Each structure stands twice: as C-alpha cells, then as structure tokens.
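2 protein chains.
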Amino acid sequence: MVHKIIKLAVTDVRFPTSLEQHGSDAMHRDPDYSAAYVVISTDVGLRGYGLTFTVGRGTEIVVCAVEALAGLVVGKSLEEIISDFRGFYRLLTSDGQMRWIGPEKGVIHLATAAVLNAVWDLWARAEGKVGCGADPKQIVSCIDFRYITDALTEQEALDILMKAQEGKQQREDQMLKEGYPAYTTSCAWMGYSDQQLKQLCTDALNNGWTKFKMKVGADLEDDIRRCRLIRQMIGPDNTLMIDANQRWDVGEAIAWVSRLAEFRPLWIEEPTSPDDILGHAAISKALAPLGIRVATGEQCHNRVMFKQFLQASALQFVQIDSCRLGSVNENLAVLLMAHKFQVPVCPHAGGVGLCELVQHLILFDYICVSADLNNRMCEYVDHLHEHFTSPAVIRNACYMPPKDPGYSSEMLESSVHTHQYPEGDVWKTLLNK
Amino acid sequence: MVHKIIKLAVTDVRFPTSLEQHGSDAMHRDPDYSAAYVVISTDVGLRGYGLTFTVGRGTEIVVCAVEALAGLVVGKSLEEIISDFRGFYRLLTSDGQMRWIGPEKGVIHLATAAVLNAVWDLWARAEGKVGCGADPKQIVSCIDFRYITDALTEQEALDILMKAQEGKQQREDQMLKEGYPAYTTSCAWMGYSDQQLKQLCTDALNNGWTKFKMKVGADLEDDIRRCRLIRQMIGPDNTLMIDANQRWDVGEAIAWVSRLAEFRPLWIEEPTSPDDILGHAAISKALAPLGIRVATGEQCHNRVMFKQFLQASALQFVQIDSCRLGSVNENLAVLLMAHKFQVPVCPHAGGVGLCELVQHLILFDYICVSADLNNRMCEYVDHLHEHFTSPAVIRNACYMPPKDPGYSSEMLESSVHTHQYPEGDVWKTLLNK
Chain A
1 MVHKIIKLAV TDVRFPTSLE QHGSDAMHRD PDYSAAYVVI STDVGLRGYG LTFTVGRGTE
61 IVVCAVEALA GLVVGKSLEE IISDFRGFYR LLTSDGQMRW IGPEKGVIHL ATAAVLNAVW
121 DLWARAEGKV GCGADPKQIV SCIDFRYITD ALTEQEALDI LMKAQEGKQQ REDQMLKEGY
181 PAYTTSCAWM GYSDQQLKQL CTDALNNGWT KFKMKVGADL EDDIRRCRLI RQMIGPDNTL
241 MIDANQRWDV GEAIAWVSRL AEFRPLWIEE PTSPDDILGH AAISKALAPL GIRVATGEQC
301 HNRVMFKQFL QASALQFVQI DSCRLGSVNE NLAVLLMAHK FQVPVCPHAG GVGLCELVQH
361 LILFDYICVS ADLNNRMCEY VDHLHEHFTS PAVIRNACYM PPKDPGYSSE MLESSVHTHQ
421 YPEGDVWKTL LNK
Chain B
1001 MVHKIIKLAV TDVRFPTSLE QHGSDAMHRD PDYSAAYVVI STDVGLRGYG LTFTVGRGTE
1061 IVVCAVEALA GLVVGKSLEE IISDFRGFYR LLTSDGQMRW IGPEKGVIHL ATAAVLNAVW
1121 DLWARAEGKV GCGADPKQIV SCIDFRYITD ALTEQEALDI LMKAQEGKQQ REDQMLKEGY
1181 PAYTTSCAWM GYSDQQLKQL CTDALNNGWT KFKMKVGADL EDDIRRCRLI RQMIGPDNTL
1241 MIDANQRWDV GEAIAWVSRL AEFRPLWIEE PTSPDDILGH AAISKALAPL GIRVATGEQC
1301 HNRVMFKQFL QASALQFVQI DSCRLGSVNE NLAVLLMAHK FQVPVCPHAG GVGLCELVQH
1361 LILFDYICVS ADLNNRMCEY VDHLHEHFTS PAVIRNACYM PPKDPGYSSE MLESSVHTHQ
1421 YPEGDVWKTL LNK
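In order, the protein sequence lines correspond to chains A and B.
Sequential numbering of the first sequence, starting at 1, is according to my numbering.
Sequential numbering of the second sequence, starting at 1001, is according to my numbering.
By construction, these hints were calculated from the structure, which means they are not laboratory data.
Misleading hints may appear alongside valid ones.
[Stated by the list, open to error] Simulated restraints, written as ranges between beta carbons of each label pair:
{"#": "1", "chain 1": "B", "residue 1": "Pro1422", "chain 2": "A", "residue 2": "Leu72", "range": "14 to 20 Å"}
{"#": "2", "chain 1": "A", "residue 1": "Met162", "chain 2": "B", "residue 2": "Asp1194", "range": "22 to 28 Å"}
{"#": "3", "chain 1": "A", "residue 1": "Asn207", "chain 2": "B", "residue 2": "Ala1009", "range": "49 to 55 Å"}
{"#": "4", "chain 1": "A", "residue 1": "Glu20", "chain 2": "B", "residue 2": "Gln1021", "range": "53 to 59 Å"}
{"#": "5", "chain 1": "B", "residue 1": "Gln1342", "chain 2": "A", "residue 2": "Asn374", "range": "41 to 47 Å"}
{"#": "6", "chain 1": "A", "residue 1": "Gln170", "chain 2": "B", "residue 2": "Pro1422", "range": "55 to 61 Å"}
{"#": "7", "chain 1": "A", "residue 1": "Thr202", "chain 2": "B", "residue 2": "Ser1083", "range": "44 to 50 Å"}
{"#": "8", "chain 1": "A", "residue 1": "Lys4", "chain 2": "B", "residue 2": "Gln1021", "range": "33 to 39 Å"}
{"#": "9", "chain 1": "B", "residue 1": "Pro1422", "chain 2": "A", "residue 2": "Ala371", "range": "52 to 58 Å"}
{"#": "10", "chain 1": "B", "residue 1": "Glu1221", "chain 2": "A", "residue 2": "Thr153", "range": "22 to 28 Å"}
{"#": "11", "chain 1": "A", "residue 1": "Arg264", "chain 2": "B", "residue 2": "Lys1163", "range": "45 to 51 Å"}
{"#": "12", "chain 1": "A", "residue 1": "Thr153", "chain 2": "B", "residue 2": "Val1074", "range": "48 to 54 Å"}
{"#": "13", "chain 1": "A", "residue 1": "Asp203", "chain 2": "B", "residue 2": "Ser1083", "range": "54 to 60 Å"}
{"#": "14", "chain 1": "B", "residue 1": "Leu1373", "chain 2": "A", "residue 2": "Thr153", "range": "43 to 49 Å"}
This one's a predicted model, so the numbers in the text were calculated from it and none came from an experiment.
Just so you know, even glycine gets a beta-carbon here, dropped at the ideal spot from N, CA and C.
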C-alpha cells in the first residue's frame, strides 16, 4: 500500500506554564512550554504527528520554518521517503537556499525535527509498530553520515547494530517487564520555594524515585542551601544531579561547582555555552578529581557538535534531545557515536512531548545499540502528559514501553484547539486579562 | 537630543541571481541573493537601516524572527541603548523564551544581526560619523564577554585597543589615501563556463586585481582543470584561494586539497562543516606541510565558536561576517580575540550588502586593533552594489573608506520596492512566467 502525503498542517501550541514557575531555571525564568505541532495527512486517511518543543515566544518563527519545509514533503509518498530516508533527510537539511539560515541548527533544524518526527510517526503507524523493528541495514540507511565519518563510518555503525542483535529479545522482554530507569526533575525547579521542594521530594520518594535533579546557577548561597536541603531529603544513597542551564563561563563553572562538591552531585549539566566543546572539556578535566562529571546535549544542535564533544572527552553523559536534533535519523547517529566512544546516553526530556518521544529512542539504545543500563537513565518531568493520546507511563520510577503504534507524538485535538496561540480559549482568556 | 525608536519595519528583498549562476558553489547551486531588510524610525525623523544576508527561500523565516524581536527595540531610545549596549545585546540574545530557538545561532541570530545593524547605522548617523570614532572604553562596553572570558577578558580587550591608539591617525590617513586591500570572487563561481572564467580573469587583471578566489569541491577533475586554467591566467605571482563551501568530510578534504596543492592556493576555505572545529584543526595540521592554510567563518555562528577555532588552531584566516554574527557588537569580540591569537582577519563579503557593511569592520580592525596589513585582505564581489545609496567603492583593487555617515546599509527605496518578495514587480513577472 502506498501512503501519499497530501497535506501538512502546523499549529503554534502553548501552555502557560510560567504562571506557576514550572520549568524555570537560571536562564529560562518564565518558560511557557510550547510546540510547533505538525500533522501530515495521507491520501489513504492515515496521519502522522510530530512536534518540536519550544518555550513560548518564538514558536511562531518555528511554525513559519515548518511551512517553508512543507513543500519538500507534500506530494511524496511514505514509501518513497523510507526507500531513501538518508536522501530525504539531506533534501530537508541541505536545500541549496534554506541551508544558509542553518545549516542544521536553530530554527530551521527544530522545524526539520518537527516534520521528520511526523514522518517517523506515520511510518510506525503504517507498519503498526512501536520501534525497534527495523533491521540494521535499514537503520543505517536512515542516517546521514556526512561530516561524521572521521568518528563513525557506515560500516562501523552496521557492525555495532549487528553485534547488538545478540540478546535483543531478552532485553526487549526485560523492558516490557521492568521498564527503563528514569530520574525526576519535577522536584526542584529554580522558581520553587524550599517548602515546595521538600514536599515534592517527599512525594517523589514515596513514589519510588531514587534519582533527582535540581536547578542551580542563579545564586551560590541559594544553591548551597537548596543542595543541602535536597541531599537531606533524599539521603546519602540516592542520586543527585545539578543543572546550570548554561549560566557560567568556564572558570566560573569550575569554581562554583567545586563549592557544591560536598553534596556529591553525579553530574553538572550545561555548565556553560552549549557550543563550547573545549570549555566543557576543560570543565570535565577540572571536576573529575572531585568525582563530578559533565552532562550536556539538550541544546547541542547537531551530530557534528556531538561528534566533537565525544572526540574531546568534553562530556561524560550524552543528553540527546528528540526535537533539537534532526529527528530519529540524527539521534541514531548520535546513539551510535556515543556507543563507539563508550559514553552513556541519558536523554533530555520534560517540556511538552519530550518524554513521549525520547522514551522510544532510549529503549532503542538499550535494546539495539548499547545493551547496557550502567550509569544510564532517562529524564522525566511530570507535566502536560495529559494532552497526549498515548502519554508516557511511569511505573516504579521507570518508563514502561509504549504500546500504541507510532511515536507517541499525537496530542488530543481538544488540547491543541484550546492552547493554540493566540486564538485558543486559554490564551484568549489570559491575554484579555 | 534623544532619538526614540517608534517603528521597526522589515522587508523580504530578493534578487534573482540564480538565473545567471552568480554566487553558485558546491553547496549552494542556485542562490537568489536576498536580505531581511530592516528600517527603524525615530520620533525625530532620523532612520537607521540594517539587513542580514540570505540566499532566497527561508528569508521569510528571518523576517518573522525580526518581527518577534521588534518588541524589544521599539519604544527604546538610541541613547538608552548605547548607554548599556552590552545589556541591550544580551536582552536580544538572551530573552528567556526566545533563546531556546537559538541560542545565538541560525535564524534568530541572523535576525538579531539585522536589527542591531540598523541600530549601529542609526547611531553613526545620529553622530554624523562613519566608524572608528568611539573610544576604547565605549567599544568594550558594547561587547558581551559571556562565554569568552577564558580566551579574552574585558581588561585584555581594553589593553589591545589602548595600545592601538598609537599610530591610529597615520593608519586612518593611509586608508583614506590607499584603501584596504581586497580580493575578488567574481571570476570563478561554480556555474561559470571556462570561457566566462577566462574573460573575467582578463578583465580583473586589467582592473588591477592580484588576488583571486575560485569555487571547488563538486568534481575533482573539474577543479584540477579550472585551477590550472586560473593559475595560467593570473600567473605564478598573483594569489589564488580556493573555496569548497563545506563540501567534504575531514579525510576527503585532506585528500582532495592535496591534489590541488600544485596550484599553490594560499588557503582552502570551508573545507568541511562550519561546526567542525576539531575537523578544521585536523585539516590545518595535515595541509600545513603543503603550504596550504585553512580559512573559515562565514557560517561560524557566534563568538563562542570563533573562540574555539582560535584556541584549537583550527583556522589560519578568520572570516568574519557582518550579518551572521550579532552585528558590530559580536564582530568586535571576534576581531579582538583574533588579534590576541595573532590570526589575521579576512572578512567574508559579497552577497547583497556584505561588502558595504564589512568594509567598516575591516577598516576598524586595521586602524584600531591589528595595525597590520600582512596576510590581510577583504573579499569583494561585484554584484548588486547599485541597490545601495552609498555603495562600496573599489579603487586599484582596494576598498576606499566610505564617506557618508552610517553603516552603508541603506538600500534604494526603488530597489526594495521592486525586489520585495513575492509582491515586487521583478518577482511578479518571474513567478507568472
């Protein structure tokens, strides 16, 4: 059966999360979790849903970029796309005119992610699958190896995937039974009071969480007080991670984090500019003696940057993002490079829809690439799942594998309708206040 | 006198350059040189003009981004902005919601450049100046040192500028008399025939040009033939540079350029991904024994990337861009870092308006920063200057310093009107064909 794509629609969907400081950090004080939400329709009635995550203002720019890409998608069939998915990826990312405003970064790459996420969703729905089904050859055929062959060749990628065929079924069964380990960021956003933080920790501990992330970087004394508080709450054996959201310069990062070493954070996340590979390498080197590692990636904009972070030993945890990189295609490249460099992947999630999407990627990583759970966990934030038709399911602080065919990226029609910006009811009410 | 900004207008202006293959290279086969063109108006009638360069499709996305930034500009006075220009720069680049879709890269950063270029133009017009007037303290107050203090501190920047006060007047006089050395890219675009290339070289030699750049990277045998042809045309003593516009992976770049070594190119420009700092470092190291150096920068998206290119010895020529970096503010940071690392700056120009704008930056570099012309030259492309009210002036293959107050960024109203996309007459005719 051929699925011809006859329409691509995109919507600016925003949730007023800033009203309650959900998601607030040292650099994003008032995020309104948002998405450029894409629906592609085929001539046989099947649809694919995709999105990229944004934090409010500027979503309309990404929507505009999706509209600019639509012409490259509409009129193609799904079968045509997947028969040369690498070529289709490059068609979108290397358009001779549009690549100038990227290339493969910022708005145009976020838009590419939204569009391609919808294509992957369509593909999975058309095949009635949830992921992991594709064979190694088909998987590598989706990856654009341009600019990364000095770190990973197509043959090396294929070898990794072939090797991981062993034990695949057991790992799949294990995941269906136990789920994939997660950590929570919901307890300690920057804008939360100490009281709120304590209550949320108590609740999370009762729900079986053992790994906690808190936001730091605005004020050192505050950070010390809050780190002490959360370490007291969670005890010495649970895991604490800290996240500065790019707040510091290199020297400042080293000095600041050294002051927090007594609270034994596993990692410092985004200590400085997401573009600063050599800076992260310097920070990694300076903090290693303190037992603190460096994590980054949620704003690492493409596989070329991740390649260098790995080559330079600039990170010890790879935080892929399902919507910042060019969809599954580019995430596959990064998962395979991370495996080659033996650096664990701990995906970025939260926002809106990121948990839903990235769970597929990390399950794929375990089942088909790394075969390893050591030092690995996936972020979880308990917000906005109710807007999805197949929300992520957490049991005992683990992601339970999704059951519905697709990429879990479909939002409820009513949610989209109400949160459309600025004409949805939620925004009409807020903007008229 | 206070100049309050009361309006910001932005226009999508496109020139159908692809019709004649002007500007074609290995990655951009059919560029239509374009601009998101910004006009800011003040309550006292003075205007500032700014732009960012694009190559056709996607310009509408940058226009959308400029509109999103407008709210941060309109209502402010010029005096308020320049009294804390660093703060204003950060207001635009670090908006808590919009930074997510950058930060400081791609569409949103191109838009920032267009807006800030207009502010600099307004400032120069308000003071009746052409540049170089500002004192060292005021200059450093325009620079956001965030993320670069490990390479250049504010004090170091100030010291460089203070030191260059010596001999400033002589260099200014020299520039007014002789101009700043330029090279031409107009002879050897990828899409030009050998016959066209020969004719253009002959013309250029007759006009006094001694430095020539040609496009390579699509086909090795073609490149060898064309390199041989151009070297024959220009003779052994003139300078040849080659430009691959990101066509290769790292190993491929080294192998391909080695084959062209016999034609003695001074540099290979953009051999690989503009994001690949470590790749450029490897290429630099491999080509050094052949006497070929590496140039890059036109798509280097911010000061953090340039910092690393310098730290890693990944380039031997810094090619700043007046519209890719965050206007004069960020270019100042890069000029100062380049000086500290003792790497010559040879700006990217061409496109539409880039020559007009960047001549100010390179004159500033010589007069106020580097005090050195050794191994330095500014790109020149002989297209589309007729659309500007103060077009760049070339005499004896040198840029003659601009004489009109401002940033030379004002386009003719009639040009803007006719080339507006898609409603201008030029496009109405082309699109109805």
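Hint check results:
1. B:Pro1422 with A:Leu72: 14 to 20 Å: holds, 18 Å
2. A:Met162 with B:Asp1194: 22 to 28 Å: violated, 48 Å
3. A:Asn207 with B:Ala1009: 49 to 55 Å: holds, 54 Å
4. A:Glu20 with B:Gln1021: 53 to 59 Å: With Cβ atoms ~56 Å apart, the hint holds.
5. B:Gln1342 with A:Asn374: 41 to 47 Å: The hint (41 to 47 Å, Cβ to Cβ) holds, given that Gln1342 of chain B and Asn374 of chain A are roughly 46 Å apart.
6. A:Gln170 with B:Pro1422: 55 to 61 Å: Once the Cβ atoms are compared, 58 Å apart, the range 55 to 61 Å for Pro1422 of chain B and Gln170 of chain A holds.
7. A:Thr202 with B:Ser1083: 44 to 50 Å: Roughly 49 Å apart at Cβ, these two residues keep to the hinted range, so it holds.
8. A:Lys4 with B:Gln1021: 33 to 39 Å: holds, 34 Å
9. B:Pro1422 with A:Ala371: 52 to 58 Å: holds, 53 Å
10. B:Glu1221 with A:Thr153: 22 to 28 Å: Holds, since Glu1221 of chain B and Thr153 of chain A (Cβ atoms, about 25 Å apart) stay within the stated range.
11. A:Arg264 with B:Lys1163: 45 to 51 Å: The hinted range 45 to 51 Å holds for Arg264 of chain A and Lys1163 of chain B, with Cβ atoms some 47 Å apart.
12. A:Thr153 with B:Val1074: 48 to 54 Å: Cβ of Thr153 of chain A to Cβ of Val1074 of chain B: about 52 Å, so the range 48 to 54 Å holds.
13. A:Asp203 with B:Ser1083: 54 to 60 Å: violated, 48 Å
14. B:Leu1373 with A:Thr153: 43 to 49 Å: Given range 43 to 49 Å: holds, Cβ gap about 44 Å.
When the structure is compared with the earlier hints, violations turn up for hints 2 and 13 and for no others.
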